[in-house]
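Q: As a plain string of letters, each chain reads:
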Amino acid sequence: MIAQLFFTALLTMIVLTAFVQLRQIPLVGATVICAAIFGGYLVWVPDHATLIAHWMGIGRGTDLILYVWILISCAILLILYLNARQQFQVITVLARTIALRDAEISANEIGKAGGEGSAPQL
Amino acid sequence: MTLPTSSVATRDGVWIVVAAYNEERLIQQVVSGLREIYAHVAVVDDCSTDATAALARAAGALVLNHPVNLGQGASLQTGLTFALRKGATHIVTFDADGQHRPEEIAHLLAALENSGADFALGSRFLGRTTNLALSRKLMLKAAVVFSRATTGLRITDAHNGLRAMTRRGASRLQLRQNRMTHASEILHQIAASKLPYVEVPVTIDYTQYSKAKGQKLSNAVSILLELLTGTLHR
Numbered sequence: 000m001i002a003q004l005f006f007t008a009l010l011t012m013i014v015l016t017a018f019v020q021l022r023q024i025p026l027v028g029a030t031v032i033c034a035a036i037f038g039g040y041l042v043w044v045p046d047h048a049t050l051i052a053h054w055m056g057i058g059r060g061t062d063l064i065l066y067v068w069i070l071i072s073c074a075i076l077l078i079l080y081l082n083a084r085q086q087f088q089v090i091t092v093l094a095r096t097i098a099l100r101d102a103e104i105s106a107n108e109i110g111k112a113g114g115e116g117s118a119p120q121l
Numbered sequence: 000m001t002l003p004t005s006s007v008a009t010r011d012g013v014w015i016v017v018a019a020y021n022e023e024r025l026i027q028q029v030v031s032g033l034r035e036i037y038a039h040v041a042v043v044d045d046c047s048t049d050a051t052a053a054l055a056r057a058a059g060a061l062v063l064n065h066p067v068n069l070g071q072g073a074s075l076q077t078g079l080t081f082a083l084r085k086g087a088t089h090i091v092t093f094d095a096d097g098q099h100r101p102e103e104i105a106h107l108l109a110a111l112e113n114s115g116a117d118f119a120l121g122s123r124f125l126g127r128t129t130n131l132a133l134s135r136k137l138m139l140k141a142a143v144v145f146s147r148a149t150t151g152l153r154i155t156d157a158h159n160g161l162r163a164m165t166r167r168g169a170s171r172l173q174l175r176q177n178r179m180t181h182a183s184e185i186l187h188q189i190a191a192s193k194l195p196y197v198e199v200p201v202t203i204d205y206t207q208y209s210k211a212k213g214q215k216l217s218n219a220v221s222i223l224l225e226l227l228t229g230t231l232h233r
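Protein chains in written order, with numbering that gives the first Met the number 0: chain L, 0 to 121; chain F, 0 to 233.
Derived by calculation from the structure, the hints in this document are not laboratory data.
Each residue gets a CB set at the ideal place from its N, CA and C atoms; glycine is no exception.
It is possible that some hints are incorrect.
Only some residues are given here: those of chain L computed to face chain F with a beta carbon under 7 Å [claimed, not checked]:
no., residue
1, T91
2, R95
3, I97
4, A98
5, L99
Could you build all of it, start to finish, from the sequences and the hints given here?
A: Right under this line is the structure:
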């Protein structure tokens with residue numbers, strides 16, 4: 000019972016995490032939610048794990064649970080990767096804004112210093 | 000083969016965008032060659048650790064500095080945005096490693112003018128190459144097959160850095176793939192824009208330097224991965 004409660008709490012956290020990401024990463028988020036709900040079902044009805052495993056052509060119920068866990072782990076890694084990628088986009092926009100602003104300032108300074116007429120030397 | 004040159008070639012509205020990262024060996028020569036023909040050359044220095052920015056500036060380029068290294072795609076987008084803000088009527092992307100010829104830009108601009116297209120894409124397979132290794136040729140051909148299949152564009156060269164575009168065309172590009180994946184992304188966005196495009200024969204001069212700087216097989220895997228994961232994120 001303690002293990003069931005522990006895993007249920009863990010899977011609930013995973014579902015909530017994926018739910019938050021659902022709008023940005025719908026496919027991966029939905030996969031994680033489905034896998035976590037399925038995992039929770041197996042935690043509470045372990046007898047069905049073996050039945051479903053046999054039906055799916057997997058030897059043992061424990062193997063099925065392992066596969067579900069691997070699926071969840073991989074999907075979460077993908078979510079983390081995609082989030083990091085999104086953060087990099089934000090950094091890109093910031094860096095571009097700085098580069099463009101500095102170029103404008105530099106161009107204006109040269110313009111004030113009498114650099115007009117030699118456009119390429121901005 | 001003699002290609003037509005363009006009356007827009009010397010116009011003030013043409014901006015050349017060069018993305019550069021640690022290119023001190025050739026950047027001065029590249030910029031000087033461009034500045035002999037074109038007034039506006041913008042070099043986007045992608046946080047180089049060498050003297051690229053100073054040398055480009057000394058050669059007469061307007062230099063934009065990325066405060067952190069972002070990759071060639073991000074550098075091109077910065078250059079495109081800047082050129083558009085400066086009122087560019089035509090924008091040309093040009094590699095910093097010396098493998099393109101400045102005089103061929105006029106052919107691309109002429110193609111835009113004569114065909115009414117918004118994008119003129121350089122093609123080494125319609126033109127010619129010097130010292131192209133077989134392995135690289137096979138990789139480039141595979142990229143063409145992949146790009147044709149995924150974009151529907153009837154192109155012969157998918158990863159040529161020499162391109163010209165009208166203001167309207169450039170405005171439709173919003174590159175988000177920072178690293179080398181941008182070449183494929185540009186083609187996807189050209190296809191999505193439904194704006195007309197043409198291919199123009201160009202010459203690529205491969206040197207040991209440009210080969211070392213160019214696309215590697217690992218980049219092809221990276222491109223595939225980026226395009227796949229890019230479809231997962233909104």
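Q: Each hint needs a verdict: does it hold in this structure or not?
A: Right, here's what the structure says about each hint:
Among the interface hints, the one on T91 of chain L holds; its C-beta lies about 5 Å from the nearest C-beta in chain F, closer than the 7 Å criterion. Nearest Cβ of chain F to the Cβ of R95 of chain L: about 5 Å, under the 7 Å cut. The hint holds. A distance limit of 7 Å between C-beta atoms decides the matter here; for I97 of chain L the minimum to chain F is near 5 Å, and the interface restraint holds. This hint holds: A98 of chain L has a C-beta 5 Å from the nearest C-beta of chain F, less than the 7 Å allowed.
A cut of 7 Å between beta carbons decides the hint on L99 of chain L: the least distance to chain F is about 6 Å, and the hint holds.
Hint compliance for this structure: no hint is broken.
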